[in-house]
Each structure stands twice: as C-alpha cells, then as structure tokens.
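Asker: Those protein sequence lines, which keep their order, are chains A and B.
For the first sequence, position 104 (counting from the first letter as 1) is numbered 104 according to the numbering used here, and the numbering increases by one without interruption.
For the second sequence, position 43 (counting from the first letter as 1) is numbered 43 according to the numbering used here, and the numbering increases by one without interruption.
These aren't lab readings, by the way, just hints derived from the structure by calculation.
A couple of the hints might just be wrong.
To be verified - Calculated pairs, BS3-like style, for lysine-lysine (alpha carbon to alpha carbon, straight line, at most 30 Å):
id : chain 1 : residue 1 : chain 2 : residue 2
1  : A       : Lys35     : B       : Lys64
2  : A       : Lys39     : B       : Lys76
3  : B       : Lys76     : A       : Lys134
4  : B       : Lys132    : A       : Lys31
5  : A       : Lys31     : B       : Lys159
6  : A       : Lys134    : B       : Lys159
7  : B       : Lys5      : A       : Lys39
8  : A       : Lys28     : B       : Lys132
9  : B       : Lys132    : A       : Lys35
10 : A       : Lys35     : B       : Lys5
11 : B       : Lys159    : B       : Lys64
12 : A       : Lys31     : B       : Lys62
13 : B       : Lys6      : A       : Lys31
14 : A       : Lys21     : B       : Lys159
15 : A       : Lys134    : B       : Lys6
16 : A       : Lys35     : B       : Lys6
17 : A       : Lys134    : B       : Lys132
18 : B       : Lys5      : A       : Lys28
19 : B       : Lys159    : A       : Lys28
20 : B       : Lys5      : A       : Lys21
21 : A       : Lys39     : B       : Lys62
What the hints assert, rightly or not - Cβ-Cβ distance ranges computed for the label pairs, FRET-style:
id : chain 1 : residue 1 : chain 2 : residue 2 : range
22 : A       : Val16     : B       : Asp26     : 21 to 31 Å
23 : B       : Ile124    : A       : Leu138    : 46 to 56 Å
24 : B       : Lys5      : A       : Ser103    : 13 to 23 Å
25 : A       : Thr59     : B       : Leu44     : 24 to 34 Å
26 : B       : Phe143    : A       : Pro95     : 13 to 23 Å
27 : A       : Ala142    : B       : Ile124    : 26 to 36 Å
28 : B       : Lys5      : A       : Gly68     : 11 to 21 Å
29 : B       : Lys64     : A       : Gly72     : 47 to 57 Å
30 : A       : Lys35     : B       : Val60     : 10 to 20 Å
31 : A       : Lys35     : B       : Lys62     : 27 to 37 Å
32 : B       : Val60     : A       : Lys39     : 38 to 48 Å
33 : B       : Lys5      : A       : Thr74     : 33 to 43 Å
34 : B       : Ser71     : A       : Gly104    : 25 to 35 Å
35 : B       : Met128    : A       : Val13     : 23 to 33 Å
Every residue gets a Cβ at the ideal spot worked out from N, C-alpha and C, and that includes glycine.
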Amino acid sequence: MTAVIMIYALLGVGLVASLLKSRARTAKAFKVAGKALLKSAPSLLTVLGIVGLTLGILTPETITRLVGAEAGFTATIIASVIGAITLIPSLVAFPLAGSLLRSGATVMTISAFVTTLVMVGVVTAPMEVKELGKRFALLRNALSLIAALVIAGIMGVLL
Amino acid sequence: MSTVKKFAAPIVLLFVFAGLAIWLPDAAARSASVTWGYFKEMALIMPPVFILMGLLEVWVPKDKIQKWLGSGSGLKGAGIALALGTLPTGPLYVAFPMTATLIRKGASFFNMTIFLGAWAALKIPQLMVETKFLGISFTLVRFSLTLMALLLIGFVMEKVLRRYPDKAWIESGEKQAVLERLAQNTK
Chain A
1 MTAVIMIYAL LGVGLVASLL KSRARTAKAF KVAGKALLKS APSLLTVLGI
51 VGLTLGILTP ETITRLVGAE AGFTATIIAS VIGAITLIPS LVAFPLAGSL
101 LRSGATVMTI SAFVTTLVMV GVVTAPMEVK ELGKRFALLR NALSLIAALV
151 IAGIMGVLL
Chain B
1 MSTVKKFAAP IVLLFVFAGL AIWLPDAAAR SASVTWGYFK EMALIMPPVF
51 ILMGLLEVWV PKDKIQKWLG SGSGLKGAGI ALALGTLPTG PLYVAFPMTA
101 TLIRKGASFF NMTIFLGAWA ALKIPQLMVE TKFLGISFTL VRFSLTLMAL
151 LLIGFVMEKV LRRYPDKAWI ESGEKQAVLE RLAQNTK
C-alpha cells in the first residue's frame, strides 16, 4: 500500500511539473508510456499467470512438506530451487521461513530459500527478458543463483 | 498472426489453467485467485510507473543520467543506485521497465545490477519483516553478504555486457537517438 501511495504521489508531482512546463511534451510522455505499456502487456500477463500457477500449486504447506521432509543438503537444494522459481510476497515468505527454521530446518536451508527467493526470479524472467534482453536476464539470474548458494553456505557456517 | 504470436505464452498459460481446473480444481482455484490479486495490483501500479518512465524519457537529458549513473559515476553512482533500489516502491517487475529506461539514458550495467539487486533483496520494508521473523543477526549477515555479492555480479555484468552487447540495446539506442531529435524539434 505504501508503494502504491508513493508511486501515485511521485506521479502527481511529476505530472504537475511537466504540465506547467510544456503540455506538448507531457502529451509525448503519455504517448511513450502507452506504447511501452502495450509492448510489455504480453510479458506482464505471462508473469501474472506463472506467478499465480506457482503460488497456487506450491502453497506454504506444500513447501513445508518438501523442505521439512529432508534434513541437510537435499533440503537446501530443494529450498533453493523453490526459492529461485517462485515469487512469494515477503509478508508470506518470511513467516514461512521463520516457521521452517523453528521446526528444524538448518540456517543454510533457510538462507538458501530466502536468498534465491529475492535474487533469482524464474517466473519474472519473461518480463526481464522482454525489457532488458536475454543476455542481461540470463547472466543476472545465473550469477545471482551462484551467489545465493555461496551466501547460504557461508551463513550456514557463520550462524 | 503477429498478435497471436505475441500472446502465445498467455494463451498457453490459459490452457494450463484449464488443464489444472480439470485435474486439480483446488490448485486451479487458488492459482486463479492469486493471479486475480496480482492482476489488480499490477493494474494499479503499472500505468503510473509507465507514465513516470515516459516523463523521465521526455524531460531528463541523457547526459544527466550518464553523469549520475553512468560508467564514470564511481562510488556516488553506486550509492545512488543502492539508495533508489532500497526505497519502498513495490514489486520487482516494476523495476524492469525503469531499468530499461535508465540504461537507454546511459546508466551503467554495474549500477543497474546494484539497483535491481537492492530492489529485490535489500528493500527497507522487506528487511523489517525479515528481522521480525528471522532475527537481526540473520538479516544483517544476509544484507552484508548480498551487498558484496551484488558488487561482484555488477562488475562481471559490466565487463561481459560491454564486450558482448545485446542486439536489443543497439536497436533501442537508435530509437532513443531518434526520440531525442524529435524532442529537440518540439522545444
């Protein structure tokens, strides 16, 4: 909600300033925006559908079953795969991670889950590719996955 | 034909939903309600974001972005990217079109990797939730390690993408040049 308010506040200030300076340029900004939005619509819809599907199938209960069933290394791998694929809102993800930790999952598993969750986005990849190119998206996600696993390893040792 | 091709992925997803509705009606219902929830959020957030990007495209000159976030912006540029990323401004998919606009305006890949990474992993409201459920030491250690990782990833991406630029960027770069000439004329 804060995000929505913030974005609309920014938009309001920007629009007023822009309109005061030049109506023609403001109209052009709308044209640029409309074109970009139309161009992004298919990938937006795709991301939407995939996010819905993954969250509908991988419920917190299912994730708990998958991660909680195995202790140790297998659990860490499963956790990072789930984290890399899904896009779970932080208000759902962190309570889930907390309850997994309390019910016996290792710190390494939990940090693998959290770090891949926030850094690697397979479900948002169609949009990332559309906006930023295949090379950028692939490189960023692959490097982030490696980094997330290393971070999980270090955290497992440290904490 | 091209419209069908453009919407191929959403159409395939529609069939997946239909299949799911037959085999796993519970999961299908949950998926549909999650999708609907996200759709409402996107419908609320995406139009203003795109208009803001349009305003940025029209008003902020390229050399300013280059100076603030370009390859020569150094520590200050990285700091700006980090600060912009950690602001409470919504989900990651909002950041992709913003990043695209900024790169077209001359921001470096290094700074944009930090921006995206901070947006995804180091957001202030998210860190507060994390501290509450996973503890302060977990959050602090993950924060510092992630920040270090982002600097490394950004460095690699800058090197690789400078040497092998994406074809899409060259094309949009030209489009940008055309747009700018148009903007000059309307002045």
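Asker: Decide, hint by hint, whether the structure agrees.
Answerer: Here's how the hints hold up against the structure:
1. Note on Lys35 (chain A) and Lys64 (chain B): the hinted pairing holds, with a Cα-Cα distance of about 24 Å set against a maximum of 30 Å.
2. Restraint check: the Cα-Cα separation between Lys39 (chain A) and Lys76 (chain B) comes to about 33 Å, which exceeds 30 Å; the hinted pair is violated.
3. Straight-line distance between C-alpha atoms of Lys76 (chain B) and Lys134 (chain A) comes to about 29 Å, which keeps the hinted pair within the 30 Å bound.
4. For the given pair, Lys132 (chain B) sits about 44 Å from Lys31 (chain A) by alpha-carbon distance, which is inconsistent with the 30 Å threshold.
5. The hinted pair formed by Lys31 (chain A) and Lys159 (chain B) fails the criterion: a straight-line CA distance of about 34 Å is larger than 30 Å.
6. Taking the CA atoms of Lys134 (chain A) and Lys159 (chain B), the gap is near 16 Å; set against the 30 Å cutoff, the hint holds.
7. Between Lys5 (chain B) and Lys39 (chain A), the direct Cα distance comes to roughly 13 Å. Compliance with the 30 Å bound is thereby established for this hinted pair.
8. Note on Lys28 (chain A) and Lys132 (chain B): the hinted pairing is violated, with a Cα-Cα distance of about 45 Å set against a maximum of 30 Å.
9. With a CA separation close to 42 Å, the supplied pair Lys132 (chain B) and Lys35 (chain A) exceeds the 30 Å bound.
10. A threshold of 30 Å between alpha carbons decides the hint, and for Lys35 (chain A) with Lys5 (chain B) the separation of about 18 Å falls inside it, so the pair holds.
11. Proposed proximity of Lys159 (chain B) and Lys64 (chain B) is supported: the alpha carbons are some 23 Å apart, at most 30 Å.
12. For a cut-off of 30 Å, the pair hint linking Lys31 (chain A) to Lys62 (chain B) stands: about 19 Å separates their Cα positions.
13. Taking the CA atoms of Lys6 (chain B) and Lys31 (chain A), the gap is about 21 Å. The hint holds against a cut of 30 Å.
14. At roughly 40 Å between alpha-carbon atoms, Lys21 (chain A) and Lys159 (chain B) are farther apart than 30 Å, so this suggested pair is violated.
15. With a CA separation close to 16 Å, the supplied pair Lys134 (chain A) and Lys6 (chain B) stays within the 30 Å bound.
16. Restraint check for Lys35 (chain A) and Lys6 (chain B): the C-alpha separation of about 15 Å stays at or below 30 Å, so the hint holds.
17. Under the criterion of a C-alpha separation no larger than 30 Å, the hint pairing Lys134 (chain A) with Lys132 (chain B) is inconsistent with the structure, at around 37 Å.
18. Distance hint between Lys5 (chain B) and Lys28 (chain A) is fulfilled; the C-alpha atoms sit about 29 Å from each other, no more than 30 Å.
19. At roughly 35 Å between alpha-carbon atoms, Lys159 (chain B) and Lys28 (chain A) are farther apart than 30 Å, so this suggested pair is violated.
20. Taking the CA atoms of Lys5 (chain B) and Lys21 (chain A), the gap is near 41 Å; set against the 30 Å cutoff, the hint is violated.
21. Distance hint between Lys39 (chain A) and Lys62 (chain B) is fulfilled; the C-alpha atoms sit about 23 Å from each other, no more than 30 Å.
22. Checked against the given bound of 21 to 31 Å, the beta carbons of Val16 (chain A) and Asp26 (chain B), roughly 48 Å apart, lie outside it.
23. The given range of 46 to 56 Å is broken by Ile124 (chain B) and Leu138 (chain A), whose C-beta atoms sit roughly 29 Å from each other.
24. As the Cβ distance of Lys5 (chain B) to Ser103 (chain A) is approximately 47 Å, the hint placing it in 13 to 23 Å is violated.
25. At about 25 Å, the beta-carbon gap between Thr59 (chain A) and Leu44 (chain B) stays in the expected band of 24 to 34 Å.
26. Remark: the range hint 13 to 23 Å for Phe143 (chain B) to Pro95 (chain A) is upheld by a beta-carbon distance near 19 Å.
27. Range check, Ala142 (chain A) to Ile124 (chain B): Cβ separation about 27 Å, and the 26 to 36 Å hint holds.
28. Our hint of 11 to 21 Å for Lys5 (chain B) and Gly68 (chain A) is violated, since their Cβ atoms are close to 43 Å apart.
29. A hinted range of 47 to 57 Å for the beta carbons of Lys64 (chain B) and Gly72 (chain A) is consistent with their spacing of about 52 Å.
30. For the hinted restraint 10 to 20 Å between Lys35 (chain A) and Val60 (chain B), the CB-CB distance of approximately 18 Å keeps it satisfied.
31. A hinted range of 27 to 37 Å for the beta carbons of Lys35 (chain A) and Lys62 (chain B) is inconsistent with their spacing of about 19 Å.
32. Taking the beta carbon of each, Val60 (chain B) and Lys39 (chain A) are about 21 Å apart, not inside 38 to 48 Å as hinted.
33. Judged by the Cβ atoms, the range 33 to 43 Å given for Lys5 (chain B) and Thr74 (chain A) holds: they are separated by roughly 41 Å.
34. Judged by the Cβ atoms, the range 25 to 35 Å given for Ser71 (chain B) and Gly104 (chain A) is violated: they are separated by roughly 48 Å.
35. Distance hint check for Met128 (chain B) and Val13 (chain A): the Cβ-Cβ separation is about 26 Å, which falls inside the suggested range of 23 to 33 Å.
When the structure is compared with the earlier hints, violations turn up for hints 2, 4, 5, 8, 9, 14, 17, 19, 20, 22, 23, 24, 28, 31, 32 and 34 and for no others.
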